[in-house]
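**Q** Given next are the chains, with one letter for each unit.
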Amino acid sequence: MNNKPTSPHIQIYKWNISSLTSIMHRISGVVLYATVVILCWYIVYYAYQVNYNEQSNYHNCECFITIFLKYFYYITLFSLVSALYYHFFNGIRHLFWDIGKGFNIDCSKKTGYIVIILTILATILSMAIALFLRYYI
Amino acid sequence: MKKLKIAPSTKNGASHWLHQRISAIAMIPLTIWIAISGIYIATDPLNYIAVFFAYPINAVMAILLIATALYHGSIGMRVIIEDYISCQSKKHFYIILINLLSIATAIAGILAITRLHLIG
Chain P
1462 MNNKPTSPHI QIYKWNISSL TSIMHRISGV VLYATVVILC WYIVYYAYQV
1512 NYNEQSNYHN CECFITIFLK YFYYITLFSL VSALYYHFFN GIRHLFWDIG
1562 KGFNIDCSKK TGYIVIILTI LATILSMAIA LFLRYYI
Chain H
2 MKKLKIAPST KNGASHWLHQ RISAIAMIPL TIWIAISGIY IATDPLNYIA
52 VFFAYPINAV MAILLIATAL YHGSIGMRVI IEDYISCQSK KHFYIILINL
102 LSIATAIAGI LAITRLHLIG
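For the record, the sequence lines run as chains P and H. With the numbering used here, letter number 99 in the first sequence gets 1560, and the count goes up by one each step, no holes. With the numbering used here, letter number 56 in the second sequence gets 57, and the count goes up by one each step, no holes.
In case anyone wonders, no lab produced these hints; they're calculated from the structure. Among the hints, a few may not be true.
What the hints assert, rightly or not - Here's a subset of chain H near chain P, in silico, CB distances under 10 Å, partners left out:
#, residue
1, Trp18
2, Met28
3, Asp45
Glycine is no exception: its CB is placed at the ideal position from the N, C-alpha and C atoms.
So here's chain P without its partners, still in its complex pose (with noise of 0.2 Å):
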């Protein structure tokens, strides 16, 4: 039974490419789920208490979420962005694998540092993008 040879270890495993995107696509799938639940019962919150008849009656709750992204505001939306488009880009990688495209080594290493390379910049564009208009407009 113990001479089974088991799956890699994360402690002593050698990361490459391909583990990498795999396992980081799990984990950002997770932490979307997480937000779209997150950010319809806050949808759910705003809607009920928004009155548009009176004037200045916008009021944020005073729960977990808001008091969190209050000091981790930026942190918390850069990591929420750049696991959106990650989770886009490599799940267009992942329908390529489906249809027969690009299964060779070195072609999935090639489009998994593309998929990185497109993430931060697209990440930072339109942060970028974002904060520009908010604040020189």
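We have chain P already, so just place chain H on it with the hints.
**A** Using the frame of chain P, we list chain H on its own:
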């Protein structure tokens, strides 16, 4: 020869695989929409979020996004639970929990966006 014992799966992997891919394709335009409108809302959150869902295109896209994302996400969470939890009863408990959470969240979110659309 001893018969190899294979752990019983939760039995409907093939249809879930296909539905995961179909919902992934449906998520592509919705993700592009949420990226663009996220940048739009972030420029002035308190003023834009109040009138954002008053536009029919935004309300429709948001409802489609909630439904598709929670469907895609519940299948994905199910696959992850099947991979990492070996105890059968715990596995089924968590899968049912995720499904119920997704359904409740989807119904509540769609109802809230309908309200924001109607009063916006």
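**Q** Work down the list of hints and note, for each, if the structure agrees.
**A** How the hints compare with the structure:
1. Trp18: Interface hint status for Trp18 (chain H): holds (9 Å vs cutoff 10 Å).
2. Met28: This interface hint holds because 7 Å falls under the 10 Å limit.
3. Asp45: Constraint on Asp45 (chain H) satisfied, holds at 7 Å.
The structure agrees with every numbered hint stated previously.
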